[in-house]
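Trainee: From first to last, the protein sequence lines stand for chains B and P. First residue of the first sequence: 1, per this note's numbering; consecutive thereafter. First residue of the second sequence: 1, per this note's numbering; consecutive thereafter.
These aren't lab readings, by the way, just hints derived from the structure by calculation. Beta carbons: idealized from backbone N, C-alpha and C, even for Gly. Honestly, I wouldn't trust all of these hints.
[Unchecked claim] Pairwise CB distance ranges (calculated):
#1 P:Gln189 x B:Ser310: 24 to 30 Å
#2 B:Pro372 x P:Ser11: 49 to 55 Å
#3 B:Pro16 x P:Ala36: 52 to 58 Å
#4 P:Ala309 x B:Ala167: 34 to 40 Å
#5 P:Asp161 x B:Glu201: 57 to 63 Å
[To be verified] Residues from chain P that face chain B, not an exhaustive set, calculated with beta carbons under 8 Å:
#6 Ala131
#7 Asp354
#8 Asp357
#9 Val368
Residues per chain, in single letters:
2 protein chains.
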Amino acid sequence: LTSPAEAHAESLIGQPRSRWSLPTPALVVDLDAFEANVAKMAARAAEAGVALRPHAKTHKSAFIAARQIEAGAVGICCAKLGEAEALAEAGVPDILVTSPIASPELAQRAAVLVKRGGRLAVSVDDPLGVAVLAAAAAREGVCMTVQIDVDVGTRRTGVADVDHALALADAIAASPGLTLRGVQGYGGQWQHAVGAEARMEAAKAGMARLSAVVQALRGHGHDCATVTGGGTGTNTADLALGVLNELQPGSYIFMDNQYVDALGADEDGAFATSLFVQAQVISANAPRWVTVDAGLKAFATDGPPPRPASAPFAHDGYFFFGDEHGGLMRQHGETVVLGQRVELTAPHCDPTVDRYDRMHFVRGDVLVAIHPIEAARRSQ
Amino acid sequence: LTSPAEAHAESLIGQPRSRWSLPTPALVVDLDAFEANVAKMAARAAEAGVALRPHAKTHKSAFIAARQIEAGAVGICCAKLGEAEALAEAGVPDILVTSPIASPELAQRAAVLVKRGGRLAVSVDDPLGVAVLAAAAAREGVCMTVQIDVDVGTRRTGVADVDHALALADAIAASPGLTLRGVQGYGGQWQHAVGAEARMEAAKAGMARLSAVVQALRGHGHDCATVTGGGTGTNTADLALGVLNELQPGSYIFMDNQYVDALGADEDGAFATSLFVQAQVISANAPRWVTVDAGLKAFATDGPPPRPASAPFAHDGYFFFGDEHGGLMRQHGETVVLGQRVELTAPHCDPTVDRYDRMHFVRGDVLVAIHPIEAARRSQ
Numbered sequence: 001l002t003s004p005a006e007a008h009a010e011s012l013i014g015q016p017r018s019r020w021s022l023p024t025p026a027l028v029v030d031l032d033a034f035e036a037n038v039a040k041m042a043a044r045a046a047e048a049g050v051a052l053r054p055h056a057k058t059h060k061s062a063f064i065a066a067r068q069i070e071a072g073a074v075g076i077c078c079a080k081l082g083e084a085e086a087l088a089e090a091g092v093p094d095i096l097v098t099s100p101i102a103s104p105e106l107a108q109r110a111a112v113l114v115k116r117g118g119r120l121a122v123s124v125d126d127p128l129g130v131a132v133l134a135a136a137a138a139r140e141g142v143c144m145t146v147q148i149d150v151d152v153g154t155r156r157t158g159v160a161d162v163d164h165a166l167a168l169a170d171a172i173a174a175s176p177g178l179t180l181r182g183v184q185g186y187g188g189q190w191q192h193a194v195g196a197e198a199r200m201e202a203a204k205a206g207m208a209r210l211s212a213v214v215q216a217l218r219g220h221g222h223d224c225a226t227v228t229g230g231g232t233g234t235n236t237a238d239l240a241l242g243v244l245n246e247l248q249p250g251s252y253i254f255m256d257n258q259y260v261d262a263l264g265a266d267e268d269g270a271f272a273t274s275l276f277v278q279a280q281v282i283s284a285n286a287p288r289w290v291t292v293d294a295g296l297k298a299f300a301t302d303g304p305p306p307r308p309a310s311a312p313f314a315h316d317g318y319f320f321f322g323d324e325h326g327g328l329m330r331q332h333g334e335t336v337v338l339g340q341r342v343e344l345t346a347p348h349c350d351p352t353v354d355r356y357d358r359m360h361f362v363r364g365d366v367l368v369a370i371h372p373i374e375a376a377r378r379s380q
Numbered sequence: 001l002t003s004p005a006e007a008h009a010e011s012l013i014g015q016p017r018s019r020w021s022l023p024t025p026a027l028v029v030d031l032d033a034f035e036a037n038v039a040k041m042a043a044r045a046a047e048a049g050v051a052l053r054p055h056a057k058t059h060k061s062a063f064i065a066a067r068q069i070e071a072g073a074v075g076i077c078c079a080k081l082g083e084a085e086a087l088a089e090a091g092v093p094d095i096l097v098t099s100p101i102a103s104p105e106l107a108q109r110a111a112v113l114v115k116r117g118g119r120l121a122v123s124v125d126d127p128l129g130v131a132v133l134a135a136a137a138a139r140e141g142v143c144m145t146v147q148i149d150v151d152v153g154t155r156r157t158g159v160a161d162v163d164h165a166l167a168l169a170d171a172i173a174a175s176p177g178l179t180l181r182g183v184q185g186y187g188g189q190w191q192h193a194v195g196a197e198a199r200m201e202a203a204k205a206g207m208a209r210l211s212a213v214v215q216a217l218r219g220h221g222h223d224c225a226t227v228t229g230g231g232t233g234t235n236t237a238d239l240a241l242g243v244l245n246e247l248q249p250g251s252y253i254f255m256d257n258q259y260v261d262a263l264g265a266d267e268d269g270a271f272a273t274s275l276f277v278q279a280q281v282i283s284a285n286a287p288r289w290v291t292v293d294a295g296l297k298a299f300a301t302d303g304p305p306p307r308p309a310s311a312p313f314a315h316d317g318y319f320f321f322g323d324e325h326g327g328l329m330r331q332h333g334e335t336v337v338l339g340q341r342v343e344l345t346a347p348h349c350d351p352t353v354d355r356y357d358r359m360h361f362v363r364g365d366v367l368v369a370i371h372p373i374e375a376a377r378r379s380q
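Next up, chain B with everything else stripped away, as it sits in the complex:
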């Protein structure tokens, strides 16, 4: 079902200056910046001889996954099985689920997805995960590809040490329906460390832990073909360290305020902000600010506040003004009219994108396409 606002947006596609009259709040992707980001990371991975498997938890979009695969990615990552189901349904051909699976219900759904022909790999960090996946594979008569999630120092998920990794690998080897893909080590907390040296130090320590597990598994005769992990923040460190042979960056396509602040100087502007929330002025009766129609429901708030990025508001400060409202503190005196549009950067891209159902793709001043965000809120 198309809402009246969505129908109006669709009628604007291809019209001159249509970028600046979207029904708001609207999620906007600037194609020039987005395409340059996709190409840049693909080139970096290719140059290093490392497979690129971008993380789709950032975009949750089959259209974007297809652009990444066209540019050379071997497939995508999903954080949750629900995302993988949605994107497989939308035609994405090769998916790795990075959060560990341990419940019988999730194992069963994963086996059903494999049976339907989806190319899927899943993660485990506990013997229970191996057991429920083996049972589901047997029940559905499929072979499932499994990787061992290794804790590289964040203590969020993953086996804690080499011994636990070996025990899981042995259990997988003993399960007729399961095949070991390799290992994963992801340092989520390091990605936003400020300064290339800080990120390199953290990545080095984490990759040493992962490398020890890889050596032990191979030493015990386990095929450990894929060593996957890494992210946008540590991408240069990950490629330089040479432990990973598959890279999982997500946010590089959009570059939110968190990453711009963390990477800005070090990366010399390699990746440009391509994601915006468009709002419009709906009230202008206060002396020093105007009120726009994008507030706490339009952005994830776990990062530096939205920043206006379009004239005449680019020098103004944004403040949250309630569930549905934001304020723009005017720095200069240009006349503002009701209905005037402003585009704002996102504090944190992944949970911001997750709040929308559609992305509006623009080139210059023109709205060129609208695509659904198929896996938005499919976190189950």
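Please arrange chain P on chain B, whose structure you already have, making use of the hints.
Mentor: Chain P only, in chain B's frame:
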């Protein structure tokens, strides 16, 4: 389309202890607490002789709107026209849009909604709003009901003073297709003030401003039948002050962490928390905490962090652990197994609910119904 997780949830309805095996993260509403909250606010408004028009920006749900109307509410409020379109489509009979409308596109959509038979009132705070609504009403051949939004001190939206209110009322009176409903004054920022006295002082000042506008409009011959506003935080003050004849509280049905902290002691537990996010343990390899599958995408983060509310986690502290993960810092030593469920309270209910597509209604340990959140993300 029903996802595999949604289909699984539906299969659980009515089963013993089904509350504790939902696909997670899941939005859960405890019916006993919810119904008591609905009845309590209805009784307070009825006793004061004030019409109750709960704000649906909190729940965005036709099912909940119907429960509120059954309990005596005269209709509901919506923050945005998009919400009103979605809830009118889902059968909600009487809707007031509280954010001012000033763009031709929004005015046109509002006129179309009226033409389809929806009982709708909209807000204005600028002469441009009156002009575009008058034009749309003429174009569609309908009569539209309009209220004047009055700034009661927050400088977010609303006319700034009596003179501007009179000018708008005159413009409405001069527009054949428009009828003046009355005035609105809402002090969003006061709602979470801690302490009944602080809220009373703020409400008193704001209601004095609103009252001055009402007197002036009536003195100039304008019918100003409805004086609407107020919220959960100031509900007792609003009813005591006697300026409003229609009350717009929203969050009282759910009671999030912000409101529990602000109202807890003063209101003597009048309203109980009924809204929870259910998560499950997906990794348990760290010594002092376990990892659950609800993180930055499962909650709005603009309020006090989620609080575990179910055994054996009720004494644990929750911390955000990434987009899809949270941590529970264990205080006691009970054994935790993978897949074990935990329910957590919401930092801020409105934008948390807006992140979901369905609500799971439970009574005791049983899942009794699942309803869509029709107006989620319909903020345009």
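Trainee: Go ahead and decide if the range 49 to 55 Å is satisfied by the Cβ distance of Pro372 of chain B to Ser11 of chain P.
Mentor: violated, 27 Å
Trainee: For the pair Pro16 of chain B and Ala36 of chain P, does the Cβ-Cβ distance stay inside 52 to 58 Å?
Mentor: holds, 56 Å
Trainee: Hold the hint about Val368 of chain P up to the distance rule: shortest CB distance to chain B must be less than 8 Å.
Mentor: violated, 20 Å
Trainee: Do the Cβ positions of Ala309 of chain P and Ala167 of chain B conform to the proposed distance bound of 34 to 40 Å?
Mentor: About 35 Å separates the Cβ atoms of Ala309 of chain P and Ala167 of chain B, which means 34 to 40 Å holds.
Trainee: Just to be sure I understand the hint, the distance between the Cβ atoms of Asp161 of chain P and Glu201 of chain B should be within 57 to 63 Å; is that true here?
Mentor: Given range 57 to 63 Å: holds, Cβ gap about 59 Å.
Trainee: Given the hint of 24 to 30 Å, check if Gln189 of chain P and Ser310 of chain B actually sit that far apart at their C-beta atoms.
Mentor: holds, 27 Å
Trainee: When the nearest CB of chain B is found for Asp354 of chain P, is that gap smaller than 8 Å?
Mentor: holds, 5 Å
Trainee: Just to be careful: measuring from the Cβ of Ala131 of chain P to every Cβ in chain B, is the smallest value less than 8 Å?
Mentor: Result: violated, 11 Å to nearest chain B Cβ.
Trainee: Let me know if the C-beta of Asp357 of chain P comes in closer than 8 Å to any C-beta of chain B, holds or violated.
Mentor: holds, 6 Å
Comparing the model with each numbered hint stated earlier shows that hints 2, 6 and 9 do not hold.
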